[in-house]
Each structure stands twice: as C-alpha cells, then as structure tokens.
Amino acid sequence: MPGPPLWRQMYDRVEGAVAPLLEAGVRTGMFASTLATVTKARAELSRRGSQLAGDLGTVSTRGLHLVNLPAADDVTRLRAEVRDLDRRVRDLSRQLDQAKWEGQADGRDSKSAGAAGAGPD
Amino acid sequence: MAVIASPLELLARVRTDAGRQAIRARNGVKYCAGIGRPQVGQTPKDVVWKRDKVELWRYRSDRRRWRPAVLVVYSLICRSYVLDLSPDNSFVGQLLEAGLDVFLIDWGVPDERDADNSLETYVDYYLPQAVRALLAEAGADGLTLLGYCLGGDLALLLAARHPELPIRNLIAVAAPVDFAEMGMFSRLFSDGRLDADALIDATGNVPPEIMRNAFRVIKPTGDVTSYVMLWQNLWSDEQMAAYQAMGQWTKDHVPFPGAAFRQLVQMMRDNAIVNDMVLLGGKPVHLTDIRCPFLSVLAERDHISPMTSVGPVVDLVGSADVEEIRLPAGHVGLMASRTASKWTIPRIVDWIDRHSEELS
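Chains as they are written, first to last, in this note's numbering: chain A, 1 to 121; chain B, 1 to 360.
Just so you know, nobody snuck in bad clues.
To give an idea of the chain B side of the interface with chain A (calculated C-beta under 7 Å), a few residues: (1) Glu112; (2) Arg113; (3) Tyr125; (4) Gly183; (5) Met184; (6) Arg187; (7) Ala198; (8) Val217; (9) Ile218; (10) Thr221; (11) Val228.
The calculated PhoX-like cross-link candidates involving lysine-lysine, where the alpha carbons are at most 25 Å apart (straight line), are: (12) Lys100(A) - Lys283(B); (13) Lys219(B) - Lys251(B); (14) Lys50(B) - Lys100(A).
Hints were generated in silico from the structure; no laboratory data involved.
Just so you know, these numbers come straight off a predicted model, no measurement behind them.
Where is the CB? At the ideal position from N, CA and C, for every residue including glycine.
Bound-form chain A, shown alone (with noise of 0.2 Å):
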C-alpha cells in the first residue's frame, strides 16, 4: 500500500515539531490564567449583556402588552415554572421507582426467607 503523498509527509514533519511545543504551552500555569481570566471576563460580559436587555427588555414589555401579547419576560417566567414542575415530576417518578424497586425486593427476601423456613414437617 503506497504511502502518503509528499505534501502529506512534510506536513506531518512540521506538525510532528510544533504540535508537542504548543501542548506544552496549553498544560502551563500561565496559560491556565490568561484562559481564566478571559473566560471570567466573558461571562462577566454576558452578564452585563443580559442585564442591559432585561433593562430594555422593560420598555418592549410594556409596549407588548398594551397590545395584550405577551413579552420575552412572560415566557421567561413561564419557562421556569415548567421547570420547576418538570422537577418535581421526575423527583415523585424517582421516588416512586426506587418504592416499587424496593418493594420488589422485600418481596424477594420474604420469598427466599419463606422458603428457607419451609422443611419437612
């Protein structure tokens, strides 16, 4: 089976040098705190950036709602009752799976101690 092309095998040589040199770099202390700090400074950004449209985000509310629609707020709160009721749903389901689980096996153990009891009279 023929090898890779030229290009390839050059490209490999030079990715070979450089590729090990640069995940050095990534592994270093330094690097890990300037990608910190720029990630903080991001989520800084959305924050503020989230903020600012909720300010303005005050102003269309009203407006949509003179006109009896309903605005981004509205489905933001209705967003987390539905989360919250998803929530607990799933914690009854839970709970109800590990009593039925748990039920099972008490079943199981009386089962087996029933049948360890039981002998020639």
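Could you slot chain B onto chain A? The hints should help.
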C-alpha cells in the same frame, strides 16, 4: 537511468488523476454544502427502558453466545454514537459479532430541565434503574459493566457504591482518576483558577461549545490537521464518509448538567478519587469496595485522559483479578478507529470471554 513511462501508462495516470480531481471537486462541494452526510449509529437496537431523556438500548442480535450481558456506559459530554459510527467502525458491532448481548445507556441531550442532575442522579438513580431493567430484559442475574471516559468514572462509582447490584465484571476505558494529571483541566480547576459557575449558562448547564473549545485548545494543531486530512481524503468516497462521520461527532457535544459539573470540579480540586475522598449522597465511596474482576484500558497517546491520570486505577480497586491493557492510540482512536478494530476491541472481547460463560 530514469524509467520513462510509456504513452499508454502516462495516459492511464492522467485519466486516474483527472478522475480523482473530479471526485475531489464533487466531494468538496458536498462537504461545503453540508449534504450527503453519512448516517451514524445505525446498528439496529430497541429502547428497552426510558426515564426523562435517558434511554437503555439493547442491540439486536441472533448471535448471542455469551453471558452475562454487557452494559456500556458512555460519557456525559459527547454523543454515544461514536461507539457505532459506521458498519465498519463500530465498537458495538464488534461486540455483537463476538456473540455478546450488548446494551448501552444513552444520556440524551440535556436541557435546562436536566440542570439539577447531580452525580447522584446518575449513580444512584439512572444507572441502578437501567441495570435492573437490563436484568429483567435479558433474563439475567448479572452483567459486565463497561464505562468509557467519564462513563468509566460513573461505572467505577456505581460498582463501589452499589455492591447490591450484580456487577460480575467491570471495565474502565480511558477513565481518568488522578485529576492532578489532566493537564490544562487540572491547571484551571484543580489549582482553583476557575470556578464551575463561570462556565454555567442561564440554562444551568455548561454549553456544548465550551467543552468543544476546551478539547480544541488542548490539541492546538487538531483543527489544521483535520483540514489536512480532509484535503487528503477528498478523492475517496469511503474515506470521506469516515472523515465526515468522525467530524460530525467531534462537533456534536451536548450540554453538561450544571449540578454534576460543579461536583466534578470539586472532585478535581480534592483529587477525590485518588485521595479516597469521594462523597455521594453524603456517604463516602471507596473504590476498594470493588471486588469483581476488573480491566483497565488506556491509550498511550491520550491527550484527554493521559496515561498518568488513568493508570492509578488498577491500584485503587479492591479486586483480586485486575488486568491492564495499554494501547498505542489516542483517546477516541482507542474505541473508534482501525487501531480499535484491530487491537483494542479484540482484547476487550477476549477479556470479557474469559470472564463470561457460554450460553448452553
């Protein structure tokens, strides 16, 4: 003396090259337009249990020869179809070929309703329930549990925390346990430079692009190499299909539930597994409580779960029957590549066979 090709040979070569260029052009257009993408995860299966977004799949087979059944536990971060990319690149397919009864638990695509899913949700609820469903479906009294990457950590925690479950054999593939040895992730989280909440968005989850970008950063030349491979493979429909299937998966991350992410970051800070400090549901979890036969599989060129982070697991479990397999592969290549088909999977199958019984 240089060999001069005959006119016929030259013509044939020109025809071949012209043909290849035409295929290149066609495949290039298809790739850029995003059309003709291969179907993935196509091995036939049935959903035998479902809770919320989590599904337990049983793969169809008329060749089952061994018991117990195998339950594959995948990571929470990416899509499970990497284990079934195509008919000739399928971890699941090879297990089926070997006569195993294969189940896989798929976590689905979390959204804001899953943001409160903690590690307890997975280890104390979904996984035990799935195991029970598997036993009922397979009519079995035990199983072999196989976890890959973070799924391997979940499998380890499940086996340690729930000794009442009939886990006969345990396999952890590329499952990191020493979080101080995870390169950039250790520097960011273990060293306290970044809090989990800085990465969690308004839905309460870590967005998929965060994880995708993190994996791109730890392999800086990955994107360029990927485009080099694309250029190299454009002439071959078969190679393109394989490239696109893998490419699709590498971009197909899922949101990571915020509650579980916060716990994971804390575990990294405490290096909890290695330091025997894992707490689930307020109770300590000790890997030394794992007593069943155990296999650890690790990749020598793994940049996500480096060997030094995976290696210590063999000394942490309490099993008497412990084996380790080290293979010349990367993290994904360990399970989805020619290396996987030729080396990893046959060795895993061999270990499972040695720890299984033939069906009468």
